[in-house]
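Participant: Which chain is which? The protein sequence lines are A and B, in order.
Residues 1 to 412 in this note's numbering are what the first sequence lists, from first letter to last.
Residues 413 to 714 in this note's numbering are what the second sequence lists, from first letter to last.
Please keep in mind that the hints were generated in silico from the structure rather than gathered at the bench.
Cβ atoms here follow ideal geometry from the backbone N, Cα and C, with glycine treated the same way.
Keep in mind that a hint or two might mislead.
A few chain B residues that don't get close to chain A, going by computed Cβ distances all over 10 Å [claimed, not checked]:
# : residue
1 : ARG511
2 : GLU580
3 : ALA632
4 : ARG647
What follows is a list of derived Cβ distance ranges for each label pair [to be verified]:
#  : chain 1 : residue 1 : chain 2 : residue 2 : range
5  : B       : GLY593    : A       : GLU278    : 53 to 61 Å
6  : B       : PRO439    : A       : GLY377    : 42 to 50 Å
7  : A       : ILE22     : B       : THR626    : 52 to 60 Å
8  : B       : LYS501    : A       : VAL334    : 49 to 57 Å
9  : A       : GLY333    : B       : ALA516    : 50 to 58 Å
10 : B       : LYS471    : A       : ALA275    : 53 to 61 Å
11 : A       : SER312    : B       : ALA477    : 37 to 45 Å
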Amino acid sequence: MSTLGVVFGAEFVRRMRSRAYIAGSVIGALSIIALTVLPTVLTSVMSGSSRRIVLAGPPALTAAARQALRADYEVTAVVPPFTGTATSAYLDAHRKASALVTIAAERKGLRVDAYVRDPSLVRESLSRDLGHLQLAMALGVPPSRVVADTTVHVDVHDISGRFANPNAADAAKGVAYLFVILLYLAILLNAQAIMTSVAEEKTSRIAELLVAMLDPTQLLAAKILAAAATSFIQLAIWLVVGLGSGRVVAALAPQMATAGSAASSATLLGNVDVAPVEIIALIAFFIVGFAQYGVLYAAAASLINRTEDLGSVAGPLVVPVAFAFVLAIVGLGVPNSPAVVATSMIPLLSPFVMFTRIATSAVPAWQVALSFALDVGAALLFAWLAGKIYRVGLLLYGRPPSLRQVIATLRS
Amino acid sequence: MGTLLLSGIARSFGDVAAVRDVSFSVPAGTTFGLLGPNGAGKTTTMRMILGILIPDRGKVTWDGAPIDLATRRRFGYLPEERGLYGKLKVREHIAYFGRLHGVAPPNDERRADAWIERLGLGEYASRPCAELSKGNQQKVQVACAALHGPELLVLDEPFSGLDPVNAETLLHALRELRDAGTTLILSSHQMWQIEDLCESFCVIADGTVRASGTLEQLRASWPTRIVEVEPPSPRLREVFDAMPEARALPNADRPVLAYEVPASADSAALLRRLVAANDVTRFERVEPSLRDIYLRAIGAAA
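Working from the sequences, and respecting the hints, build out all of it.
Facilitator: This is the structure:
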């Protein structure tokens, strides 16, 4: 086995066994389950009662209103015109309804009064649905006719030819957003692990032994590959847990009025229109992006003398990651603007920005190839420089080397 | 097995010249002692041998060729500053370094077990390295450096921090390695251990070689000898005082006359003159020890 393989294997096993990794994976998975399930369940529980209303008014009017409100509300009772004031006890007596809605026909149109437990829960849909009813009454046509006549279907045609249908464009944005988030998380979550590993070897003086038999660049490469592998496993677990819990929610709660969040996620995924070659490109940019930042973090860690000092060198390196993240999110709206195209060619930024461009627009193949080539070249250059810095840094104890010292050593 | 050759190597750190000009050769299968005061340049020299540092000037060769990464993997190194992965268990740690040196599984673990046995680490084999005492951690590192049967083993202060029993265990292990053909280079301030183990020596001070060779060669180049005579009678003292090149040495704690005389002085003629002057109960021509040679070489002799 090559030394690269030996170091990779040892680093991989060490990381997988570490309590921090195991705890992070479990907590992350539980958080994803909570984030997927809780909103749906809470919304369902909360909206279950908020959808229930009691209708009061003349029978002909309440019958028409019941029809108009059918899509958004469950009418638990229809009562004669209401003259008093609704109390909570009154609403509780009608299957814990959230509101009493009284309707009366006046000369100008409908008069609607809603007596609610929580005014913030009065929905716009109440006004919209009853607006349809008011218009229907004025025109003397059925409310369903009004709904049909006020709905305009717009056909969107993508002249770039990138997407088969408009839903696919939304799905592609979702994919780009997902990759940007995953890369951002992978870098930030693993930066600390990579830096700690390098710093521990330096402060415990093991690095001197390793450099006696290994090329520093290979050593760092093995460490970063191991971090990447463990990171991918962690992300894969979270992805599976996220999709699984979404499906479970969708399967177990078909009756829930707002189980739609999971259902809409499934619909979104079903609309993903990204070709396999583009998926490969996204993964390739993910790996090269991770590698670029990984070697920078490793090089920085080799300059410190105490693990407590990691924060001081890690802080400045968060800036380009955060900047690239923001650029990618902004780029989702304007993937072909000159600024976004330009930044998709700049190493450290381009892995993030290219996610946006590849997923949401038709990027010329030469631009993808050029950006990737620049990224690979930069990653190799960073790795070579990091190896040099590592070699300089590991034998400098007592105080961090000055920039002048590092440059002088790199020149030598 | 090759010969290690250092030719005029030098290395500076900024304005500080750690090694100015060091040359020596270590024949295959021999044991070589690198001596010098703190800051003399021993560790920097060792690091240049192992490729951790690149010389500013001069060259280091093994078997006539520059030392590349593949060759370095066949070497072993015990640095002065000890370092272990604290969370790794002793057996795993030793086996890992075996693999780094090219020992493929399952031999890595077999050899790790053999070294654990040899160095008396059996009861600690399944414990994390961080839980071991300093001495036992040092033995783990020795095993890491020697597991693969290195062609060249470089040990920087291998005996520091070891109690006498563990030091003897280490000496025994190093002798076994030497007998198996490993070339050993070690630095130590424990003169008796290094004198006992090594066949040739190099004394470095201020980044330059002050003396080198076998103990016999070093002694041959020593300009004086010490002669001790009993009893310390005035008549015997007069014989020495009549020799212009003889120098009396302070010897307050023993009833003996001690004089430093030229190495070329005729001992037999001196003894005859002493016997003619007075009864002599003891006459001893003392060869200089490695410590004497070392102290004189670094310029700290009395």
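Participant: With reference to the structure, classify each hint as holding or not holding.
Facilitator: Verification of the supplied hints:
With a least CB separation of 5 Å from chain A, ARG511/B falls inside the 10 Å interface cut-off, contrary to its annotation. GLU580/B, annotated as away from the interface, keeps every beta carbon of chain A farther than 10 Å; the closest lies near 25 Å. At roughly 36 Å from the closest C-beta of chain A, the C-beta of ALA632/B stays outside 10 Å, upholding its exclusion from the interface. Residue-level check passed: ARG647/B sits 61 Å from the nearest beta carbon of chain A, beyond 10 Å.
Hint check: GLY593/B to GLU278/A, Cβ distance near 59 Å, so the stated range 53 to 61 Å holds. Hint check: PRO439/B to GLY377/A, Cβ distance near 47 Å, so the stated range 42 to 50 Å holds. Look at ILE22/A against THR626/B: about 58 Å separates their beta carbons, and that is inside 52 to 60 Å. Between LYS501/B and VAL334/A the Cβ separation comes to about 55 Å, which falls inside the hinted range of 49 to 57 Å.
For GLY333/A and ALA516/B, the hinted distance range of 50 to 58 Å is satisfied, since their beta carbons lie about 55 Å from each other. At about 56 Å, the beta-carbon gap between LYS471/B and ALA275/A stays in the expected band of 53 to 61 Å. Evaluation of the 37 to 45 Å hint for SER312/A and ALA477/B yields a pass: the beta carbon distance comes to about 44 Å.
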